[in-house]
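Listed below, chain by chain, are the residues.
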Amino acid sequence: MEVPILKQGFYLIASIQSALTDEDLSQLREALVERVGRLRARGVIVDVTALDVMDSFAVRTLRDLAHMTRLRGAETVIVGIQPEVAFAMVQLGLTLKGVATALDLEEGLEFLDRSGRERTNRA
Amino acid sequence: MSTKERPSPSPQPPPSQQETAGLLRELVSHLRQNRTQLREEWARRITRAQLLTAMTEEEIFAEATSVYDNYVEALETGTFEALQAYARNLSERIIPRGVETHEVVGIVLLLRDVLARSLFAKYHEDFTKLNRILDAYEPAANRIANTVAVGFVQERERVIRQQQEAIRELSTPVLQVRERLLILPIIGVIDPQRARQLTEQLLRAIRTNRAKVVVIDITGVAAMDGNVANHLVQTVEASRLLGATVIVTGLSPEIAQTLVTIGVDLSEMATVGDLQGGIEEAERLLGYKVLPLAEVGSQS
Amino acid sequence: MPDEIRWEIAADRDVVQARQSAREQAAEAGFTAGDQTVIAAAVSEIARNILMYARRGTITLRVDINDHRRGIIVVARDDGPGIADIPRALQDGFSTSGGLGVGLPGSRRLMDEFEVQSQAGRGTTVTMKKWKRHG
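Heads up: the protein sequence lines correspond to chains E, L and Z, in order.
With the working numbering, the residue at position 21 of the first sequence is 21, and numbering never jumps.
With the working numbering, the residue at position 146 of the second sequence is 146, and numbering never jumps.
With the working numbering, the residue at position 88 of the third sequence is 88, and numbering never jumps.
Chain E extracted, bound-state conformation (with noise of 0.2 Å):
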């Protein structure tokens, strides 16, 4: 099942919709790695509300696409995740650490908007 990606200025944006299978996720990566390099994106946000679990490979594919991406010169954000989620993945262990997390869509922007503003500063 492919997850639909829009541009936004110079936001690539993913909402999960579903369920995704490890496979999904892998090329919900690659789809992005590609476009960030293709389209010069500055930030990627990665929609997970409608995700009622995240698990060990999630988390793990959704690491990678930010180290992925920032080398690319693109921060990535990951949004929505349910309060649920977010107990159940710290009892697991799993922690996004070193990937940046916003509540949802429009916190997410806000971030980016912020540290591609503190980026520029730092320029």
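Pulled from the structure, derived: some chain L residues nowhere near chain E, Cβ distances all over 10 Å:
1. Q50
2. I255
3. T258
4. G263
Facing chain E, according to a computed beta carbon distance under 10 Å, are these residues of chain Z, among others:
5. D12
6. T32
7. D35
8. S44
9. S107
Quick caveat, the hints were computed from the structure, so don't treat them as lab data.
Using N, Cα and C, we set each Cβ at its ideal position, and we do this for glycine too.
Given chain E, work out where chains L and Z should sit, using these hints.
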């Protein structure tokens, strides 16, 4: 059973199931025939033993009637589901009245004794028959006593748990003091159950209030062991997954030590000495400027 | 509600199915949303474990209702290489797959009861249970 010693009967073959059933029928019919006086005898004994003092005589009588009938019915049918349901029902009614476990066990045992005595009275001239009747009666009566007592205790435990839950909910409010800022003051003893509840409540509140900063104040926490400390760390991590920053305040040196011992990297956790300081830090993070009052007037 | 549900785990699509089904069963059994997620996550991890180490196996799920409490019992079985050193495998932070999956310790943390039976070369059986809290 009774403290009287029964002379041992001459060896008899054990009763067949049919015989036992027949004996039970006989005794049930005896108990039904003598219902009124046995029930009264029982009620008198209850008062004499000073049980069910929380209830009036009318109430005792009313309950005694249904307990008696359910008791005899259980003896008759040999099934206990109806009795179990009744026991739970009864418990639900009398627990709020303040009736305690020893009272419930007490009255059921008294009924068992009253009925046993009446069986003695009826069959005392025929020891063999008496023994057989008691052989049929005792296991059933004991099971009844057990069923009622256990039913009561379970219901009581359930009520207590409910109350504890309610208290926990009340005692751990998540406060929204400003937009996007939540405060969670934790007071008292935290057991794993409560810790879990706190975390769930907090995470839900973060989402509902779209909080960006949470101040968790543990000044009032009595003691923290490794488990609870772990839980605190998990709460901080889970909050971050929801995009909120957590500031922990009120960390005593002892608790800080516990955290370090379990391997928590305190540099990862934002901590501030006291609640006030934590709130100020939170406001700073949120972009509020905190001005001393004197300056406020001249700002406009 | 059926007595026992069983899933064959042979492909990664099965992992998704197993965990979604586990969540449904947990919901039907009356577990809270939080616990449903936890149970689904544990099933997901254990299913993933099967795929990773044994390539195929089965997971069965049963709801156990008795007088006092209600629980979900999940049993994962495979005929894979087995685990030589069980205590070590249950230790936090231990994983033979180089950090893939959270292995047994992760699932164990999520469930109330957790038991592993395994012998090198003889496959593995993991039994885990979660009880519904009263009130």
